[in-house]
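Chemist: Model the placement of chain B on the given structure of chain A, informed by the hints.
As they're listed, the protein sequences go chains A and B. Residue 180 is where the first sequence ends in the UniProt record's numbering, and the numbering goes up by one at each step. Residue 694 is where the second sequence ends in the UniProt record's numbering, and the numbering goes up by one at each step.
Since the hints were derived computationally from the structure, they do not count as laboratory data. Just so you know, even glycine gets a beta-carbon here, dropped at the ideal spot from N, CA and C. Hints may be right or wrong, so weigh each one.
Said to hold, decoys possible - Chain A is nowhere near these chain B residues, computed Cβ spacing over 12 Å in every case:
hint: 1; residue: E203
hint: 2; residue: V204
hint: 3; residue: C240
hint: 4; residue: N350
Claimed, not checked - Straight-line alpha carbon distances no greater than 30 Å define the calculated DSBU-like cross-link-like pairs of lysine-lysine that follow:
hint: 5; chain 1: A; residue 1: K72; chain 2: B; residue 2: K372
hint: 6; chain 1: A; residue 1: K50; chain 2: B; residue 2: K470
hint: 7; chain 1: B; residue 1: K57; chain 2: B; residue 2: K47
hint: 8; chain 1: B; residue 1: K411; chain 2: A; residue 2: K96
hint: 9; chain 1: A; residue 1: K2; chain 2: B; residue 2: K417
hint: 10; chain 1: B; residue 1: K6; chain 2: A; residue 2: K100
hint: 11; chain 1: A; residue 1: K53; chain 2: B; residue 2: K6
hint: 12; chain 1: B; residue 1: K283; chain 2: A; residue 2: K72
hint: 13; chain 1: B; residue 1: K550; chain 2: A; residue 2: K50
hint: 14; chain 1: B; residue 1: K283; chain 2: A; residue 2: K15
Each chain, written out:
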Amino acid sequence: MKRLSEERTKILFEKLAKYIGPNVKLLIERPDGIYCFREQKDRVYYISEKILKLAENVPPTQLICAGTCFGKFTKTNKFRLHITALNYLAPYAQSKIWLKPSAEQQFLYGNHVSKSGLGRISENTEKYQGVLVYNMADLPLGFGVAARSTADCKHADPLASVCFHQADIGEYIRSEEDLL
Amino acid sequence: MGRKAKFNEGVVVKRGPGKKAKKQKDPSFPKALQDEPVAKKLGHRQKQRQQKRLKKKKSVPIKTPEVERESSESESEEVTAAWLKPSISQNDTKILPDSESEDDSKGFTDDNKKWLKPKKQTVVKSDDSSSDDNLKMGTLDDVTDESSDDELLPIEKQNKELLKKQEEDEKLAEEELQMNIGDQEKFQFPSKKEREQTASLQEVQQRIRDVVGVLSDFSKLRDKKHSRSEYLEMLKNDLCTYYSYNEFLIEKLMQLFPLNELLEFLEASEVQRPLTIRTNSLKTRRRDLAQALINRGVNLDPVGKWSKVGLVIYSSQVPIGATPEYLAGHYILQGASSLLPVMALAPQENERILDMSAAPGGKASHIAALMKNTGVLFANDVNSDRTKAIVGNFHRLGVVNSVITCMDGRKFPTIMKGFDRVLLDAPCSGTGVIAKDQSVKINKDEQDIQRCYNLQRELLLAAIDCLNAKSESGGYLVYSTCSILPEENEWVVDYALKKRNVKLVDTGLDFGTEGFTNFRQFRFHPSMKLTKRFYPHAHNMDGFFVAKFKKFSNLVPKGGGGEEKGEKREVEEEAEEVESTSKKIKNGEDVPGGKTKKVKKQAEKKSESVKNQPVANEKKKKTGLDNKKSGNEEKSSKKTKAKSNTVGANKIDWKDVPKEVGLKLGKKIKKMKKKQLGTLKNKNKTVLLKKKQK
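Chain A extracted, bound-state conformation:
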């Protein structure tokens, strides 16, 4: 467990800001204690300071995971969010998409969201902004990138993609092996 370098911290926060905007601040300044981001084997974990102190006693080879894994840095030094970050992204999301029950299953198998499956979309969603995907019962299903702005969506072809798939909770079953 080591601290993130300046550069990586910046990359991480830029990425997070795409999804939750200025709410990134809320992740760091919390009323229930200090939370911090730590890195191990290029994976970024979000942990309470109390837990971190205990976790640091464990030899790094034997430590599998501590707190919540947010994602990983790729070899090209980009940050990729994992589905495991959904717990923290969902409450702070800026723009959201709701899926119809018929499209729900398709998204959970890793497909993009087409216009026909779109139930609702929050206003002022910009093109290529990070969006969180919910079903109509407000259950967070995953996240992706808006392929069109809200205005464009209205006029889009029914089969056209509205949102590009990035991660969905189906991965817990599909690829449990490489969640981290």
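Modeler: Quick look at chain B alone, frame taken from chain A:
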């Protein structure tokens, strides 16, 4: 927000039985297989032929009486013989052999059938004169009868008679057989050959039942030639074949259960337990989850009054392990029995808890849910592949207070101690979950069990070492296995009770059977009653064992007892403790960073107090306080060992010396003593001799 969506719009509930529910006719057997011969329909030609025959017949009987009358008048004795013969013999002798001996049984003509009953034959024979009259009358009657009778050839009629008789005989035979069975009742001990010949499983099952019946009232129903052990041996073999267990496991189970219960257990082990899920109270409530699942067409019920989070799934239209609710972490598939150890552990908020063998994280996430994501939860497992399942489940269920590690649980105390509660769901032989994994039936033997309980003992001791007895809220450990063998349960617990300063406490589970206090040659601690056992046949959940410990002292008793220790050594020990803790602090081990300075100060204070302690200790000697209470801190046992060895040759404390060294030293000292004794004895002898001489 907005208008309410109608989610159940798309769901169409079907009405009526549907296409495939059409009922089939009852199956009909082909004629060849039917028992009762059905009268065949006669063809057209056959009918014609029959009518012709009848016509012929009608013409014949008119003649026959005359012939008979003539013969009867001429030789009366012969006549009786003649009419006792079948009449066909007169008409066409070719068909039936006219042997007179046969006549008694079935010999009378169709003509006389009406009035002649087989039993009366003797009477008829005795007085001929009356028979003559009868004959005349009879013949006249017969002619008229014949026309009204059901128009059958005599041979056919005879055939009918024969069939009737056969039926009667069969009936009698069967009755006799039934009578025999009734008389027998007792189960005959089958010979070896008979046993080897048994082909069907049903026979084996029947035999199992019989033998169990005999064994239930052995003195009455037994076969005197065979002993109880022979019966048991046969039962064992039969159970092995019928349920396909290996001999070892069946023997173990036979030792464990009385016979009736054994059968129930074996039957229950063939059937899967109902599928149960646990609501994740971090994300949802049980009522909401139940409603959501019911909307998906799942048929469910609460698991029982004892659990607030369990649900039983009876049937489901969707795969229960892949619904959006499952993926969103609202529930986890978990056996009902897996809820028990966590309930027994009763984790509190803001505690430090360890799950030593956590994979796949069902119980550990339950702990986290009960802690409400506060405190710290360490989830450990040896298998690195299985830790991935923990990672997946924890993230899915939203557990954020966890540290997941992958190491041998036996080495965990070297990394971290001082947990408030520890759950050890030890790896085991799995004899309680045979329904889940049938391979257990065959591939377990004595050695596997031995390996299991050795590992369990080591793990349990390590788990106890991880525990902090001084914890305000905790100091509890729960040991559980999914095995039902006492070797892996009570025996392991008993071992821990002897080796560490722990005691058993009530598990807080209000059902389940008590653990064994004695089992065959084993005599366990009487407090073993506080442990709980669960059986598939009795509680409809997987076989399980739960024991809850409370650690009352951090001291590790050396060797067996470890109760008596020199007071001086104790003082030294404490001094050592202080030293070791201060060293620990320097290493930054175990103690959270911010507090180190304070602890250092405390340590210094302590060392001072230790210097002053000898006086106090003398007082202690007088009052005779337990040394358990005097130990305040965890201690590094190795260092104390080393020190205590140097304390002085005459003050060797055997409990501290490593075993091998101890043995060697022990031998030396024994030799010394012997020598001394020898000299003493010699001295005594000489003294005695001198006395005698005097």
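Chemist: Would you mind marking each hint as holding or not holding in the structure?
Modeler: Outcome of the hint check:
{"no.": "1", "hint": "E203", "result": "holds (47 Å)"}
{"no.": "2", "hint": "V204", "result": "holds (43 Å)"}
{"no.": "3", "hint": "C240", "result": "holds (39 Å)"}
{"no.": "4", "hint": "N350", "result": "violated (10 Å)"}
{"no.": "5", "hint": "A/K72 x B/K372", "result": "holds (27 Å)"}
{"no.": "6", "hint": "A/K50 x B/K470", "result": "holds (20 Å)"}
{"no.": "7", "hint": "B/K57 x B/K47", "result": "holds (15 Å)"}
{"no.": "8", "hint": "B/K411 x A/K96", "result": "violated (47 Å)"}
{"no.": "9", "hint": "A/K2 x B/K417", "result": "holds (23 Å)"}
{"no.": "10", "hint": "B/K6 x A/K100", "result": "holds (11 Å)"}
{"no.": "11", "hint": "A/K53 x B/K6", "result": "violated (49 Å)"}
{"no.": "12", "hint": "B/K283 x A/K72", "result": "holds (26 Å)"}
{"no.": "13", "hint": "B/K550 x A/K50", "result": "holds (26 Å)"}
{"no.": "14", "hint": "B/K283 x A/K15", "result": "holds (26 Å)"}
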